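**Q** Sequence:
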Amino acid sequence: MNFRPLASRRPAAPITAVLAVGALAGAASLAGVAAALPAAAAPDAAGPVAPVAERVILAPTADAARGMTVTFRTAEQGASVEYRGVGGGEAASAEPTSIPAGLKGMASAGGFHQAASIDGLVPATAYEYRIVTAGGEAGPWRTFTTATDGQAGRVDMIFFGDAQNGLADQWRTTASAALAGVPDAELILQSGDMIDQAHLDAEWGQWYDSLGGAPATTPMLTAIGNHEFTVDPLATAFANHFTHPANGPEILRNSTYFVDRGGVRIITLSANALFLDQQREFLDRALTENPNQWSVVMFHQPVHNASTNRNDRMYGNAFAETIERHDVDLVLNGHDHAYARGHKSDNVVDGVNTGPVYMVATAGSKFYGTAADNPAWSEQGAERAVWAREASTFQKITVDACTMDVTAVITVEGDDRMSSNGAAGAGSVLDEFTIDKCGEVKRVN
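Under mature numbering (1 follows the signal peptide of the UniProt record, and there is no 0), residues -41 to -1, 1 to 404 are what the sequence shown spells out, in order.
No wet-lab data here; the hints were simulated from the structure.
Note that the coordinates shown come from a computational prediction; the quantities given were computed from them, not determined experimentally.
Among the clues, some could well be false.
[As the list claims (entries may be wrong)] DEER-style ranges, computed between Cβ atoms:
| # | residue 1 | residue 2 | range |
| --- | --- | --- | --- |
| 1 | Asp78 | Gly172 | 18 to 28 Å |
| 2 | Asp309 | Arg284 | 17 to 27 Å |
| 3 | Thr313 | Asn251 | 14 to 24 Å |
| 4 | Glu54 | Val400 | 45 to 55 Å |
| 5 | Asp359 | Pro250 | 14 to 24 Å |
| 6 | Glu54 | Glu342 | 24 to 34 Å |
| 7 | Thr56 | Thr393 | 40 to 50 Å |
| 8 | Gln36 | Val400 | 51 to 61 Å |
| 9 | Ser304 | Asp359 | 20 to 30 Å |
| 10 | Ile58 | Gly340 | 45 to 55 Å |
| 11 | Gln36 | Ala111 | 35 to 45 Å |
| 12 | Phe234 | Asp374 | 39 to 49 Å |
| 13 | Ile58 | Asp286 | 38 to 48 Å |
C-beta: ideal position from N, C-alpha, C; glycine also.
Produce the entire structure from the sequences given, and follow the hints as far as they go.
**A** Below, the structure is given as structure tokens:
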């Protein structure tokens, strides 16, 4: 593998960081937006772990309607997770069920990463859970809700590109704006490079704290990026923080997998030049056997680079034919620290894309350049509908019956920001489109 990074460039002058909740609501101004955001959590510096548990992250099992995994860190081994249904449904219970947590690994800063998988849950049902130490000390009750069984009603999701840099500042701005702007999000997606230096525990703490504890109540799925291997060649910290379904190739366990959630099959690949033939075979099988109306594929390095600094055909060569043959709805990538959304030119009929949508986004303070002429698209039979440089965004994805609406909102901008559509800057909508499958032919409007 070659993880030699390009020379990164941050904005020469201070970044303008504006929170962007009003953009999704069509607000004329952003006055009062900051007051709507969750309070910032205190930075999680490297050192002894907090009482009971910290860095609590939920993730759905392969069937998100019937299972949930809880990953966390405690000072001692031997913790357990207690859970019970709440409300008046069939899962309601006064007495909780206890599940022992398994050890994932030791933390360099002290403590033990552990995980417990809760199976046999009832679809579309609220549960509460808490973490209990080996010594019997119990943490707070937290809640989650299982997915519907198949597609039933509207589902809101959030997608982030790379956080990586500016973890306590610009990434916090992006994450806070997304969580305030999509308060009913049922799933969070991130396409890798959550941190810059994987061996530095403080960076993982900053990344998590900037999410305001949201992953403890809103399930999260992540892809592995190249920076998850930085000074951590086995990606141990990534494996310790995240627990994903074990339905991919064994050699890529926890980083290549799929989840069925609310009528969508979300397939995550490892990319990173790792066993690409096995990844492609898994992707083909997961799409062939997909029982859902919708498909989303997420991995770190793009099929088509957003940055003009790169023209890497490795992942297009590995995955594009499979993506196109199965007519995947949405492909989510990061890595390039710029924004791009587009499609293969052969899929354009009467001026409208009728095939997969390829999206690349970023979420922190690091930016790469891009321009109107980008050979990574034009020389590979593709075209961009929207592009931008020096603009971090969050993406709201809403699936409702036969439509998928996607909105990208600018949260952080650099002094050299530019976009193909003249978007106004931080606080404004950069891109919005609808994948419409209500008729005989899919249309991206």
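**Q** Compare the structure with each hint and give your call.
**A** Verification of the supplied hints:
1. Checked against the hint of 18 to 28 Å, the C-beta distance between Asp78 and Gly172 comes to roughly 25 Å, which is consistent with it.
2. Take Asp309 and Arg284: their Cβ atoms lie about 23 Å apart, and the range 17 to 27 Å holds.
3. Distance hint for Thr313 and Asn251: a CB-CB separation of about 20 Å, consistent with the stated range 14 to 24 Å.
4. The given range of 45 to 55 Å is respected by Glu54 and Val400, whose C-beta atoms sit roughly 53 Å from each other.
5. Take Asp359 and Pro250: their Cβ atoms lie about 19 Å apart, and the range 14 to 24 Å holds.
6. The supplied range of 24 to 34 Å is broken by Glu54 and Glu342, whose beta-carbon atoms lie about 59 Å from each other.
7. With their beta carbons about 42 Å apart, Thr56 and Thr393 fall inside the hinted range of 40 to 50 Å.
8. Checked against the given bound of 51 to 61 Å, the beta carbons of Gln36 and Val400, roughly 55 Å apart, stay inside it.
9. Checking the proposed 20 to 30 Å range against Ser304 and Asp359 shows it holds: the Cβ atoms sit about 29 Å from each other.
10. The supplied range of 45 to 55 Å is met by Ile58 and Gly340, whose beta-carbon atoms lie about 50 Å from each other.
11. Under the hint 35 to 45 Å, the C-beta atoms of Gln36 and Ala111, about 40 Å apart, fit the expected range.
12. Checked against the hint of 39 to 49 Å, the pair Phe234 and Asp374 passes, with Cβ atoms roughly 41 Å apart.
13. Here the CB-CB span from Ile58 to Asp286 is close to 39 Å, well matched to the stated 38 to 48 Å.
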